[in-house]
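These protein sequences, in sequence, are chains A and B. Under the working numbering, the first residue of the first sequence carries the number 9, and numbering increases by one thereafter. Under the working numbering, the first residue of the second sequence carries the number 208, and numbering increases by one thereafter.
Read the hints as simulated data drawn from the structure, not as lab findings. Since the structure is predicted, the reported quantities are computational estimates derived from the model, not experimental observations. We treat Cβ as the ideally placed atom computed from N, Cα and C, and that holds for glycine. Fair warning: there could be bad hints in the mix.
[As the list claims (entries may be wrong)] Per the computed footprint, the stretches of chain B lying under chain A, defined by three or more beta-carbons under 8 Å from a beta-carbon of chain A, are:
1) 423-433
2) 468-482
[As the list claims (entries may be wrong)] Not close to chain A: a few residues of chain B, all C-beta gaps over 12 Å, as computed:
3) Gly-259
4) Leu-275
5) Ser-285
6) Leu-301
7) Gly-306
8) Asp-321
9) Gln-329
10) Val-355
11) Leu-403
12) Pro-488
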Amino acid sequence: MSGFELAGVSRIYRSGRSPVTAVREVDLTVQTGERVGIVGGSGSGKSTLVRMMAALDHPTSGRIAYDGRPVSGVPESRLGFLRSAVQVVFQDPRSSLNPRMRVSEIVAEPLRSPLLQHRGDVPADRASRVAEVLAAVGLPADVGRRYPHEFSGGQRQRIAIARALAPRPAVLIADEPVSALDVSVRGQVLNLLTDLVAAEGLTLLLVSHDLEVVRHLCDRVVVMHEGAVVEQGATDQVYGEPQHPYTRELLAAVPRLPD
Amino acid sequence: MSTEHGSGGERSEGVETTLAVSDLTVSFGRRPPSVRGVSLRIGRGERLGLIGESGSGKSVTALAVMGLLPEYAQTWGSVQLAEQELLGMNDRRLSRLRGSAMSMVFQEPMTALDPTMRVGRQVAEVFALHAVRNGTGATRHRVLNALVEVGLGEGERIANAYPHELSGGQRQRVVLAMALANAPDLVICDEPTTALDVTVQAQVLDLLDAQLTTRGSSCLFISHDLAVVARLCSSVAVMLDGEIVEQGPLGQILHDAEHPYTRGLVAAARIDRVQRGERLPTVADFWERGR
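So that you can see chain A by itself, here it is in the shape it has in the complex (with noise of 0.2 Å):
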């Protein structure tokens, strides 16, 4: 099958005093261009979770797949295939950007890494790229020279959206993009994604703690309590008739403006 496939994964912390289940087997499939919500509060395991799917940490238990392909358990050498396949953009994107890099060393190096070289799906030509992916995301071609610091936060944010598209990945992680962000930028990011998402044909694995950014983005949503999904279903479904108790006490939570 084309997609992730998680089996029975678990991911346990021993470094502590007790042990931690920050993760508790999940069962998962997310097919090709689906566009897939992860919700739950700060420790349901939703981070943890995604960066297993892109092999950034390693489950204790279960098996993770990508068209079929094994990920965990397999030595990075290995990973090239998903290296340029998934791409992920991270919430704070102060943290997320080398501040000694210019922007266009930053966006080229998803290219550079020699897990990807030779590889028939990562281009080639690294300078047309970059200005390429720099103009998809609304960026004018010389912010290439500048660093980061020398941008507002949407606008990094907007940098690290085009490092991840720079391989011309299949599948965007995208973990808490907008929850860095003011609400004046927030709407600019959300519609940016939304529109390269549909552009590129992209599988989306949107992790977020706001429900209502996951429910403008994404067609399925998971439901995270304590490491476990608790629920998962069409996003309008689950928000419509939500089964679980820790489902309902999320959605009223959400503050709302009075009509």
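Position chain B relative to chain A; hints supplied.
Chain B only, in chain A's frame:
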């Protein structure tokens, strides 16, 4: 005007004034002022929401009211708490007011908590510094009561804990207990729930609502999130580049705003009204800097 959003807010002239800020200007060094000519009035028991993006001057305004600006900051204008002028007041008198007549809750609870001191002692300090001592046993009782009031039912366990042993929501409740301890005239909240989970945020806002009502305290509530402000406040002031560009009752701000920036903020906060995948309205659709 709608009055359904409950406690306080409508500017009824008969209500006693708790906070009056007039023509406040704050500048740091030679840079252009961060806050320019700000005027605000909060009546007794009323709650004013101050919204704006980061860097708009909301927090500097709050710190100026609390007298917590660094020494090199220059201030002009007037800040009166219950008709007492605070600008230029000496530090000893000001620190007597802080924690008794006015208090502040910050976004990050650890900025207000001492990591090396048990929580109970920190709450006790707020009582001890501002009230006549009535024996340690009585203080202990008051501390536990204060913790229970903010929803920390197991007061005993919380009081004996160090801040790092508590969750973010529990810490913010402790800070609220400290801020509310002496039933201040004014509580300033600067993004008090931004660092919290949605569900914990809802609980803390409900708690704040109830406790402010019980004590009859006024509140200046700072947030970049209009929906959060709407949950608590019935009037709103909008800050942009150091100035208040609009203020009025919540209903007027939501339905009948005059400034294009305010209309943009309201539209951007109405994400729930947009069909999935359709373009979200942004502030830039209504207003752009330098245009």
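Each hint, compared with the structure:
| no. | hint | in the structure |
| --- | --- | --- |
| 1 | 423-433 | holds (count 3) |
| 2 | 468-482 | holds (count 9) |
| 3 | Gly-259 | violated (9 Å) |
| 4 | Leu-275 | holds (24 Å) |
| 5 | Ser-285 | holds (30 Å) |
| 6 | Leu-301 | holds (32 Å) |
| 7 | Gly-306 | holds (29 Å) |
| 8 | Asp-321 | holds (23 Å) |
| 9 | Gln-329 | holds (24 Å) |
| 10 | Val-355 | holds (23 Å) |
| 11 | Leu-403 | violated (8 Å) |
| 12 | Pro-488 | violated (6 Å) |
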